[in-house]
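Engineer: Chain by chain, the residues:
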Amino acid sequence: AQSVAQPEDQVNVAEGNPLTVKCTYSVSGNPYLFWYVQYPNRGLQFLLKYITGDNLVKGSYGFEAEFNKSQTSFHLKKPSALVSDSALYFCADQTSGGSYIPTFGRGTSLIVHP
Amino acid sequence: DVKVTQSSRYLVKRTGEKVFLECVQDMDHENMFWYRQDPGLGLRLIYFSYDVKMKEKGDIPEGYSVSREKKERFSLILESASTNQTSMYLCASSLPGGTSRGYTFGSGTRLTVV
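Chains as they are written, first to last, in our numbering: chain R, 24 to 137; chain Z, -14 to 99.
These are computed hints drawn from the structure, not numbers from a lab.
Since the model is a prediction, treat every value here as computed from it, not as a measurement.
Please note: incorrect hints may appear among the correct ones.
Unchecked claim - A few chain R residues facing chain Z, derived, Cβ under 10 Å:
(1) Asp32
(2) Asn35
(3) Tyr59
(4) Gln61
(5) Asn64
(6) Gly66
(7) Leu70
All C-beta atoms in this analysis are idealised placements derived from N, C-alpha and C, irrespective of residue type, glycine included.
Can you build the whole structure from these sequences, using the hints too?
Structural biologist: This is the structure we're talking about:
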């Protein structure tokens, strides 16, 4: 069965510094990988996805993610963090098992300090 | 703007009550889902539906049931609420396959069972 790991419960970064939120996956074959963001008391919002093609995927709000097949990783990145980026971030693997039901990581809380 | 609407943001119910959580989407999506979100556990799938009047169990269906009488509406039912069902409940919808824009989530219902 597919699984997704987010090894950090929390990431702290100063405003203006680059940020990375880590995600690794375990599915064999070609994964369908997503990042979602959740602001306080809100549902999840789609940020970006990797299905196929270029390993560097650009998404909403200046975020990007790099797919690395050899390391089975899909880390979320942003060159310059904003305080407003502070939120909960979820990685998801939506690889087909016939159902495309996503498996979510546990989430990583990103805190950007002024 | 496309939407998934959950009828209540906050709900407080007593142990043993029958609780209905309602979700409506206006995107003509075939797939609808109910998740619960708990700190440190991420999102766990309760039930999902691929079409009207059909339902499939997710990872944690015990204590819950669902109803989908119309394409746009997917209801989660707690037959006899218990304190361990205190949680954030998230509804989501998607097109078949769900890969184009991932899933669209509602804002969530925070349920407290006392």
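Engineer: Does each hint hold? Answer for all of them.
Structural biologist: Results for each hint:
At a threshold of 10 Å, the smallest CB-CB gap from Asp32/R to chain Z is about 8 Å, leaving the interface hint in force. Hint status for Asn35/R relative to chain Z: violated, with the closest Cβ pair at about 18 Å, above 10 Å. Because the beta carbon of Tyr59/R sits about 7 Å from the nearest beta carbon in chain Z, less than 10 Å, this interface hint is met. Among the interface hints, the one on Gln61/R holds; its C-beta lies about 8 Å from the nearest C-beta in chain Z, closer than the 10 Å criterion.
The closest approach between the C-beta of Asn64/R and any C-beta of chain Z is roughly 7 Å, which is under the 10 Å cut-off, so the hint is satisfied. Using the Cβ-Cβ criterion of 10 Å, the hint placing Gly66/R at the interface with chain Z is satisfied: the shortest such distance is roughly 3 Å. A least Cβ separation of about 9 Å between Leu70/R and chain Z falls short of the 10 Å threshold, and the interface hint therefore holds.
Hint violations for this structure: number 2 only, all remaining hints satisfied.
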